[in-house]
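Asks: These are the residues of each chain, in order.
Protein chains: 2
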Amino acid sequence: MASAKGNAVIGQSGGPTSVINQSLVGVIQEIKKNGLVDQLLGARHGVRGIVNEDFISLKDAPDELLERIAATPAAALGSTRDKPDQAYCEKIFKSFAKHNVRYFFYIGGNDSADTARIVGELAAREGHELKVFHIPKTIDNDLRVHDHTPGYGSAAKFVAAAIMGDNYDNRSLPGIKVDVIMGRHAGFLTAASVLARQHDNDGPHLIYVPEAPLTEEKFLADVDAAYTKHGRCLIAVSEGVSQPDGKTWAEHMATNLEKDSHGNIQLSGTGALGDFMAGLITKKLQAPGGKKLRVRADTFGYLQRSFPGFVSQSDATEARLVGQVAAKSAAEGQPGGSSIAMRRVPGSEYKIETFLAPLSSVARETKHMDPAYISGGNNITDAFKAYAAPLVGPLPTVGTFDEVKK
Amino acid sequence: MASAKGNAVIGQSGGPTSVINQSLVGVIQEIKKNGLVDQLLGARHGVRGIVNEDFISLKDAPDELLERIAATPAAALGSTRDKPDQAYCEKIFKSFAKHNVRYFFYIGGNDSADTARIVGELAAREGHELKVFHIPKTIDNDLRVHDHTPGYGSAAKFVAAAIMGDNYDNRSLPGIKVDVIMGRHAGFLTAASVLARQHDNDGPHLIYVPEAPLTEEKFLADVDAAYTKHGRCLIAVSEGVSQPDGKTWAEHMATNLEKDSHGNIQLSGTGALGDFMAGLITKKLQAPGGKKLRVRADTFGYLQRSFPGFVSQSDATEARLVGQVAAKSAAEGQPGGSSIAMRRVPGSEYKIETFLAPLSSVARETKHMDPAYISGGNNITDAFKAYAAPLVGPLPTVGTFDEVKK
Numbered sequence: 001m002a003s004a005k006g007n008a009v010i011g012q013s014g015g016p017t018s019v020i021n022q023s024l025v026g027v028i029q030e031i032k033k034n035g036l037v038d039q040l041l042g043a044r045h046g047v048r049g050i051v052n053e054d055f056i057s058l059k060d061a062p063d064e065l066l067e068r069i070a071a072t073p074a075a076a077l078g079s080t081r082d083k084p085d086q087a088y089c090e091k092i093f094k095s096f097a098k099h100n101v102r103y104f105f106y107i108g109g110n111d112s113a114d115t116a117r118i119v120g121e122l123a124a125r126e127g128h129e130l131k132v133f134h135i136p137k138t139i140d141n142d143l144r145v146h147d148h149t150p151g152y153g154s155a156a157k158f159v160a161a162a163i164m165g166d167n168y169d170n171r172s173l174p175g176i177k178v179d180v181i182m183g184r185h186a187g188f189l190t191a192a193s194v195l196a197r198q199h200d201n202d203g204p205h206l207i208y209v210p211e212a213p214l215t216e217e218k219f220l221a222d223v224d225a226a227y228t229k230h231g232r233c234l235i236a237v238s239e240g241v242s243q244p245d246g247k248t249w250a251e252h253m254a255t256n257l258e259k260d261s262h263g264n265i266q267l268s269g270t271g272a273l274g275d276f277m278a279g280l281i282t283k284k285l286q287a288p289g290g291k292k293l294r295v296r297a298d299t300f301g302y303l304q305r306s307f308p309g310f311v312s313q314s315d316a317t318e319a320r321l322v323g324q325v326a327a328k329s330a331a332e333g334q335p336g337g338s339s340i341a342m343r344r345v346p347g348s349e350y351k352i353e354t355f356l357a358p359l360s361s362v363a364r365e366t367k368h369m370d371p372a373y374i375s376g377g378n379n380i381t382d383a384f385k386a387y388a389a390p391l392v393g394p395l396p397t398v399g400t401f402d403e404v405k406k
Numbered sequence: 001m002a003s004a005k006g007n008a009v010i011g012q013s014g015g016p017t018s019v020i021n022q023s024l025v026g027v028i029q030e031i032k033k034n035g036l037v038d039q040l041l042g043a044r045h046g047v048r049g050i051v052n053e054d055f056i057s058l059k060d061a062p063d064e065l066l067e068r069i070a071a072t073p074a075a076a077l078g079s080t081r082d083k084p085d086q087a088y089c090e091k092i093f094k095s096f097a098k099h100n101v102r103y104f105f106y107i108g109g110n111d112s113a114d115t116a117r118i119v120g121e122l123a124a125r126e127g128h129e130l131k132v133f134h135i136p137k138t139i140d141n142d143l144r145v146h147d148h149t150p151g152y153g154s155a156a157k158f159v160a161a162a163i164m165g166d167n168y169d170n171r172s173l174p175g176i177k178v179d180v181i182m183g184r185h186a187g188f189l190t191a192a193s194v195l196a197r198q199h200d201n202d203g204p205h206l207i208y209v210p211e212a213p214l215t216e217e218k219f220l221a222d223v224d225a226a227y228t229k230h231g232r233c234l235i236a237v238s239e240g241v242s243q244p245d246g247k248t249w250a251e252h253m254a255t256n257l258e259k260d261s262h263g264n265i266q267l268s269g270t271g272a273l274g275d276f277m278a279g280l281i282t283k284k285l286q287a288p289g290g291k292k293l294r295v296r297a298d299t300f301g302y303l304q305r306s307f308p309g310f311v312s313q314s315d316a317t318e319a320r321l322v323g324q325v326a327a328k329s330a331a332e333g334q335p336g337g338s339s340i341a342m343r344r345v346p347g348s349e350y351k352i353e354t355f356l357a358p359l360s361s362v363a364r365e366t367k368h369m370d371p372a373y374i375s376g377g378n379n380i381t382d383a384f385k386a387y388a389a390p391l392v393g394p395l396p397t398v399g400t401f402d403e404v405k406k
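Sequences listed follow chains A and B, in order.
If you read the first sequence in my numbering, its first letter stands for residue 1, the second for the next number, and so on.
If you read the second sequence in my numbering, its first letter stands for residue 1, the second for the next number, and so on.
No lab work stands behind these hints: they were computed from the structure.
Glycine included, every Cβ here is placed at the ideal spot set by N, Cα and C.
There could be a bad hint or two in this list.
[What the hints assert, rightly or not] Distance windows between CB atoms, simulated:
#: 1; chain 1: A; residue 1: PRO394; chain 2: B; residue 2: ASP200; range: 35 to 41 Å
#: 2; chain 1: A; residue 1: THR215; chain 2: B; residue 2: ASP38; range: 54 to 60 Å
#: 3; chain 1: B; residue 1: ASP200; chain 2: A; residue 2: PRO62; range: 57 to 63 Å
#: 4; chain 1: A; residue 1: THR215; chain 2: B; residue 2: ASP54; range: 35 to 41 Å
#: 5; chain 1: A; residue 1: LYS59; chain 2: B; residue 2: ASP200; range: 22 to 28 Å
#: 6; chain 1: A; residue 1: ARG184; chain 2: B; residue 2: ASP54; range: 17 to 23 Å
#: 7; chain 1: B; residue 1: ASP200; chain 2: A; residue 2: ALA87; range: 36 to 42 Å
#: 8; chain 1: B; residue 1: PRO62; chain 2: A; residue 2: GLY231; range: 39 to 45 Å
#: 9; chain 1: A; residue 1: ASP200; chain 2: B; residue 2: ALA331; range: 34 to 40 Å
#: 10; chain 1: A; residue 1: THR215; chain 2: B; residue 2: THR317; range: 48 to 54 Å
#: 11; chain 1: B; residue 1: HIS185; chain 2: A; residue 2: THR228; range: 46 to 52 Å
#: 12; chain 1: B; residue 1: LYS291; chain 2: A; residue 2: LYS59; range: 54 to 60 Å
#: 13; chain 1: B; residue 1: GLY376; chain 2: A; residue 2: GLY333; range: 55 to 61 Å
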């Protein structure tokens, strides 16, 4: 009798986020409640665990532990960078058939959505009943159809707070500071730095996203103008910032440096772009009176996706919600081959509703920033602020003595 | 009548911390209460503001604003890197004499303590009554006599949480990760990464501080052994890590790279050491079966001293306290030329008391880690954990599925 229900597999994939386990726990708790399947199997390290039949049973995990796991950053089941081709997907399907798997919940970005889609189609072709639900996560916020994706709000909160703190640091010891933020193709995370601006004169004074190509000449002119105006300059730049020829700054830099050093210099390290941009400013610009500028660079790195104890509350809640909705949709017999998406309910207050989007509409291609969010190639608009603020939630309360100045 | 009291100047100096304004607000609020002086002048950008007579009046700042400023990272009055020599100190004294300054509160590290000391001695020689109080702050925690310094606990909490999150990231996508932490001469901040270890197998698997010289050979052997044992390796390393010849890794690296590139490569950027160490591992080590290792590096940078909304509560409280004690000591007629220090009250619970330490015992030289805190040149002991844990306070609660494994 019980075995007629079959089993479910859940996995996590791609770069971790701070709330990816909220979605996992949402699925587990909902399935514990609705009794959808006999076994809920957690695949260790995503598709790799499925192929290797490396599963752990999740229905026995006590709620107290699940709540702690939900608050723990990075994939609790382990993640993977494997991007399955057709042959790999067939192995996944074989493992599913062997373990009587009837539901597949896959938490990940657009590559994971595509894997889920292919496996679902294979099962249909083989006549094996399998419902596939994709649960979105990505700090890049670059999934099509989705208004935004779980993981983004918390990473954006980290970036906004970090830039806010660095703005005060830079006010305190004026100079030029370059902060490199994650985002190879989409600028949503870097754009969130705009939320750090609370007073006139606050940084970031310049914001560069991959969607707005940037020449070295414009960059230097921008920095010069901002420094002249503010006596300091805080710059937020996407790691994927590009030049008008479509190549990224990082690609240009790698080419030039390789030539200089006969291939001896490795540029895979993550600090390279920030150091390069800081070096460019030091070389080409001067402080008034010909003085040397104080230029520094930081690359925020993995902290953006994994810093614990500082998540956006609405992001954590929504990440839990999409997991719950996936498990509920399965129990309600909703069509598989779906991604659990969010859209805003029209109205003055921020409110979202979920809906099922066909995987084909989400998979593979990425979403870019709306041009209306970018201004002058070096700034972010109020329209973006209105979009991002409710996803990030309240930022730390701060103050300056400017407020008592007469 | 009122003018008989004279005035006080307060300034902030050196690298900012997340709680440096708690000390500032402690002084302001206490002086508003005790009526010590006619005017409380805030010097903008430390000694530079004193010499330039760039002051703001602080007694008018409303408490609501002061509380917000107390929670704002980085020096609200502005900071400076100026290290005054004798001639500069004489200018400071002249400004004090002109503005009838009778009390000087200086919030800073050991250089600031020394500036305060020299100015105090100059005043004494000139027969100008001036009491000087040094209020400690430094994320490096390297002031002699002081059990610990305000600013350290919050930076240490940031580092411990960051490493905790990165440990989960590294568990989720196994590889080798190098995290570079602030601290040129003292390893206290890097050592705080040990607090991130909550379960067996948790990173940081290797911790390197400036006090324990490290050869490239030992570093590679350590990484190889840790990777073989754990299938991954998380490394916390001080930016000031040194080699047995007394030079830092950064100095060695600069020398070698300059030779390679005929001086074309700038190495002042902050990501360079991490990238160099990651590159070294990639070049010299291999995964089992000759596979390429996944190696990444992050440099935590300024976020360690300026990240808002994530301070250690005991650090914030103590930073406020030492400011209050400075202003109280002044009102009580305690001897100037003092640094407000903390020591632990013996007993099983963590409790501190303050005392006045002569500036000469604090100024100039820095404190290093006790050898009993370091183990095997690559690890930190439980004795250090016991020392640091109460300064950092509770860390985020986390969990893993290892806890349900049979």
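Asks: All the hints need checking, so say for each whether the structure fits it.
Replies: Quick rundown of the hints versus the structure:
1. Taking 35 to 41 Å as the suggested C-beta distance range, the pair PRO394 of chain A and ASP200 of chain B conforms, at roughly 37 Å.
2. Evaluation of the 54 to 60 Å hint for THR215 of chain A and ASP38 of chain B yields a pass: the beta carbon distance comes to about 56 Å.
3. As the Cβ distance of ASP200 of chain B to PRO62 of chain A is approximately 20 Å, the hint placing it in 57 to 63 Å is violated.
4. Roughly 39 Å separates the CB atoms of THR215 of chain A and ASP54 of chain B, a value that falls within the hinted 35 to 41 Å.
5. The hint said 22 to 28 Å for the Cβ distance between LYS59 of chain A and ASP200 of chain B, and at roughly 25 Å that hint holds.
6. Distance hint check: the CB atoms of ARG184 of chain A and ASP54 of chain B are about 44 Å apart, inconsistent with the given range 17 to 23 Å.
7. For the pair ASP200 of chain B and ALA87 of chain A, the supplied restraint of 36 to 42 Å holds, since their beta-carbon distance comes to about 37 Å.
8. Checked against the given bound of 39 to 45 Å, the beta carbons of PRO62 of chain B and GLY231 of chain A, roughly 27 Å apart, lie outside it.
9. A hinted range of 34 to 40 Å for the beta carbons of ASP200 of chain A and ALA331 of chain B is consistent with their spacing of about 38 Å.
10. Between THR215 of chain A and THR317 of chain B the Cβ separation comes to about 50 Å, which falls inside the hinted range of 48 to 54 Å.
11. As the Cβ distance of HIS185 of chain B to THR228 of chain A is approximately 36 Å, the hint placing it in 46 to 52 Å is violated.
12. Between LYS291 of chain B and LYS59 of chain A the Cβ separation comes to about 36 Å, which falls outside the hinted range of 54 to 60 Å.
13. Separated by about 59 Å at the C-beta atoms, GLY376 of chain B and GLY333 of chain A satisfy the suggested range of 55 to 61 Å.
Violated hints for the displayed structure, listed by number in ascending order: 3, 6, 8, 11 and 12.
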